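Student: Our numbering puts the first residue of the sequence shown at 2, with every later residue one more than the last.
No wet-lab data here; the hints were simulated from the structure. Honestly, I wouldn't trust all of these hints.
Computed list of lysine-lysine pairs in DSS-like fashion (alpha-carbon distance at most 25 Å, straight line) [unchecked claim]:
(1) Lys209 / Lys138
(2) Lys138 / Lys117
(3) Lys175 / Lys209
(4) Lys143 / Lys175
(5) Lys253 / Lys214
(6) Lys214 / Lys175
(7) Lys629 / Lys117
(8) Lys253 / Lys218
(9) Lys594 / Lys638
(10) Lys182 / Lys214
(11) Lys214 / Lys303
(12) Lys218 / Lys175
All of these numbers come straight from a predicted model, not from anything done at the bench.
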Amino acid sequence: MTSQVSSPAEQADGTVVGEQRRPDGTKDVRRLDRVVIRFAGDSGDGMQLTGDRFTSETASFGNDLSTLPNFPAEIRAPAGTLPGVSSFQLHFADHDILTPGDAPNVLVAMNPAALKANIGDLPRGAEIIVNTDEFTKRAMQKVGYATSPLEDGSLAGYGLHPVPLTTLTVEALKDFDLTRKEAERSKNMFALGLLSWMYHRPTEGTEKFLRSKFAKKPEIAEANLTAFRAGWNFGETTEDFAVSYEVAPATKAFPVGTYRNISGNLALAYGLVSASRQADLPLFLGSYPITPASDILHELSKHKNFGVRTFQAEDEIAGIGAALGAAFGGSLAVTTTSGPGVALKSETIGLAVSLELPLLVIDIQRGGPSTGLPTKTEQADLLQAMFGRNGEAPVPIVAPRTPADCFDAALEAARIALTYRTPVLLLSDGYLANGSEPWRIPALEELPDLRVRFAQGPNHTLDDGTEVFWPYKRDPQTLARPWAVPGTPGLEHRIGGIEKQDGTGNISYDPANHDFMVRTRQAKIDGIEVPDIEVDDPDGASLLVLGWGSTFGPITAAVRRLRVQGVPVAQAHLRHLNPFPGNLGEVLGRYEKVVVPEMNLGQLALLIRAKYLVDARSYNQVSGMPFKAEQLAAALKEAIDA
Numbered sequence: 002m003t004s005q006v007s008s009p010a011e012q013a014d015g016t017v018v019g020e021q022r023r024p025d026g027t028k029d030v031r032r033l034d035r036v037v038i039r040f041a042g043d044s045g046d047g048m049q050l051t052g053d054r055f056t057s058e059t060a061s062f063g064n065d066l067s068t069l070p071n072f073p074a075e076i077r078a079p080a081g082t083l084p085g086v087s088s089f090q091l092h093f094a095d096h097d098i099l100t101p102g103d104a105p106n107v108l109v110a111m112n113p114a115a116l117k118a119n120i121g122d123l124p125r126g127a128e129i130i131v132n133t134d135e136f137t138k139r140a141m142q143k144v145g146y147a148t149s150p151l152e153d154g155s156l157a158g159y160g161l162h163p164v165p166l167t168t169l170t171v172e173a174l175k176d177f178d179l180t181r182k183e184a185e186r187s188k189n190m191f192a193l194g195l196l197s198w199m200y201h202r203p204t205e206g207t208e209k210f211l212r213s214k215f216a217k218k219p220e221i222a223e224a225n226l227t228a229f230r231a232g233w234n235f236g237e238t239t240e241d242f243a244v245s246y247e248v249a250p251a252t253k254a255f256p257v258g259t260y261r262n263i264s265g266n267l268a269l270a271y272g273l274v275s276a277s278r279q280a281d282l283p284l285f286l287g288s289y290p291i292t293p294a295s296d297i298l299h300e301l302s303k304h305k306n307f308g309v310r311t312f313q314a315e316d317e318i319a320g321i322g323a324a325l326g327a328a329f330g331g332s333l334a335v336t337t338t339s340g341p342g343v344a345l346k347s348e349t350i351g352l353a354v355s356l357e358l359p360l361l362v363i364d365i366q367r368g369g370p371s372t373g374l375p376t377k378t379e380q381a382d383l384l385q386a387m388f389g390r391n392g393e394a395p396v397p398i399v400a401p402r403t404p405a406d407c408f409d410a411a412l413e414a415a416r417i418a419l420t421y422r423t424p425v426l427l428l429s430d431g432y433l434a435n436g437s438e439p440w441r442i443p444a445l446e447e448l449p450d451l452r453v454r455f456a457q458g459p460n461h462t463l464d465d466g467t468e469v470f471w472p473y474k475r476d477p478q479t480l481a482r483p484w485a486v487p488g489t490p491g492l493e494h495r496i497g498g499i500e501k502q503d504g505t506g507n508i509s510y511d512p513a514n515h516d517f518m519v520r521t522r523q524a525k526i527d528g529i530e531v532p533d534i535e536v537d538d539p540d541g542a543s544l545l546v547l548g549w550g551s552t553f554g555p556i557t558a559a560v561r562r563l564r565v566q567g568v569p570v571a572q573a574h575l576r577h578l579n580p581f582p583g584n585l586g587e588v589l590g591r592y593e594k595v596v597v598p599e600m601n602l603g604q605l606a607l608l609i610r611a612k613y614l615v616d617a618r619s620y621n622q623v624s625g626m627p628f629k630a631e632q633l634a635a636a637l638k639e640a641i642d643a
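Turn these sequences into a full structure, and let the hints guide you.
Tutor: Given below as structure tokens:
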């Protein structure tokens, strides 16, 4: 076997690394450094499952990866229509990557709607695998094709592979006792098998998964396995695919450790369980199902063996009310929701501020306003998290930057809530929640100690020498009040939403006391210890890109592109949005220009400009999709040159 190194131009493009020819000359194997694949079809075609299985095998192979599921909000959108298209994009590589990729190298289109909805994202030269069985006259007319795009030359600039996926699947399953409609459902497994052959993906995990998923229906399991293997064999034998591809494991991209593929919501769930174990407290989740947060409820409901209790409430208000009650009772209390749910929970969050109890409010942001875009991503809840309550009710805000980082963000939110006796808002979003990447499983000794001491007895002596318990007597360092579990003898105290008297917690209408309590609660939040923000600036740049949340991947990829071109750019990313890191003002003052990319209309930029009087410039997108690295790089270059 000989090896042929590709040209410098190809290597710079990040695609072909080399080519190997088999001795018999039958099939070429081309080595790539990265690939972006998008599976697309009707929401009933199993594209999310197909993408998830391809991702799992890619993770087990050792590639770095990043995914972008994209699906309709309807449970079953109209078949064959553009609004009904569901897609799953996967970017995998032999090196460190940060985004799901700007544009697919390969599109698998299961019908005309999938082709029409996604063709605009493909660069010229990309490969398109289409299910020709679905390109009927009626199906094409439904999405506006007057003539067949497979025959009219409109796809001449692409590598087109017409494959009758449905027919081939039905033929492969002819020996099974299945109706044609039942057999057709396995066409996504045929496509998965074909792509697995094309990119040399492992198959053992998928076969094990199918046997487990359909354990109670062994014939269905065998049918899916047969379709999967038929797709693999088709790739091996057909003349239409003369080349297969190899993407080597990303051996240098990761520190040594044990890794698994993880989505943001799963990482949050695991982080919450870990936080409860590290705090030695039971975990209580009070939640109402809402996209895209529901998976956290689903996952936590599986872990009763770790002391987790989940309560699916009748509405958002009941969910947070139950969680706040659990916090009063001594649990690590959590409620999960999205933007519309945060609005409904606002009064109870204010009550938690007044009661000064630890409570985690996890907001998986989605496009809005109102019901908005339930399955699309956005970062537009920051100002709601900061100010969306009546009265002066400050809360800390934490935001993860990647799907795997959601684990650490959950631990950090729990640390702040437990240490400072306050509700904490954690802002994830749909991009992080549904996307996935490799995650290094931490050793137990790497996790923080979150244990707290409940109040055990009197903490104050009256003038007459009587020892009493004051529920609002504060720790001088953290300003946190004591946490007294109901039923502890001698620690009876008042609770409720009306203003508290300093120290005693009795109801107070005194103006001076109210002023003092408002300022004290604000001082507690302002005094939270958070790490200084770190700046990545190897070249002494004049422009700083400041981001928060899920923009980390696209911003970092864009900054890397500019640096390769010799353009100096500095980057900093915020995890703590309230309070801001103590050195943020000094960092901002070092740069001539500050650009803040956000998936909103400039909410962080507004806060930065107001607090630090810095001319922070917004770069905004509210399309329901994450930024593309190329798009950001062009905008940053324009800002530098301006």
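Student: Holds or violated: Lys182 and Lys214, Cα atoms, limit 25 Å.
Tutor: 20 Å, holds
Student: Is Lys629 within 25 Å of Lys117, Cα to Cα?
Tutor: Holds - the C-alpha atoms of Lys117 and Lys629 are around 20 Å apart, at most 25 Å.
Student: Tell me if the straight-line CA distance from Lys143 to Lys175 falls inside 25 Å.
Tutor: Roughly 30 Å separates the two Cα atoms, so the pair is violated.
Student: Between the alpha carbons of Lys253 and Lys214, is the straight-line distance 25 Å or under?
Tutor: This hinted pair is violated, its Cα atoms lying about 34 Å apart.
Student: Could you grab the alpha-carbon distance between Lys253 and Lys218 and see if it respects the 25 Å cut-off?
Tutor: Between Lys253 and Lys218 the Cα gap is close to 42 Å, so the pair fails against 25 Å, i.e. violated.
Student: Quickly compare the C-alpha distance for Lys214 and Lys175 to 25 Å and report which way the hint goes.
Tutor: 22 Å, holds
Student: Is the straight-line distance between the alpha-carbon of Lys594 and that of Lys638 25 Å or less?
Tutor: 12 Å, holds
Student: Would the pair Lys218 and Lys175 pass a check requiring their Cα atoms to be no farther apart than 25 Å?
Tutor: At roughly 18 Å apart (the allowed maximum being 25 Å), Lys175 and Lys218 satisfy the hint.
Student: For the pair supplied as a hint, Lys138 and Lys117, confirm whether the alpha-carbon distance does not exceed 25 Å.
Tutor: 14 Å, holds
Student: Decide if the proposed pair is consistent with the structure: Lys175 and Lys209, CA atoms, cutoff 25 Å inclusive.
Tutor: 23 Å, holds
Student: When you check the alpha-carbon spacing of Lys209 and Lys138, does it fall within 25 Å?
Tutor: Not satisfied, since the Cα-Cα distance of roughly 39 Å exceeds 25 Å.
Student: Can the restraint linking Lys214 and Lys303 be considered satisfied, given a maximum Cα separation of 25 Å?
Tutor: Holds, at about 17 Å.
The structure is inconsistent with the numbered hints 1, 4, 5 and 8, although it conforms to all the rest.
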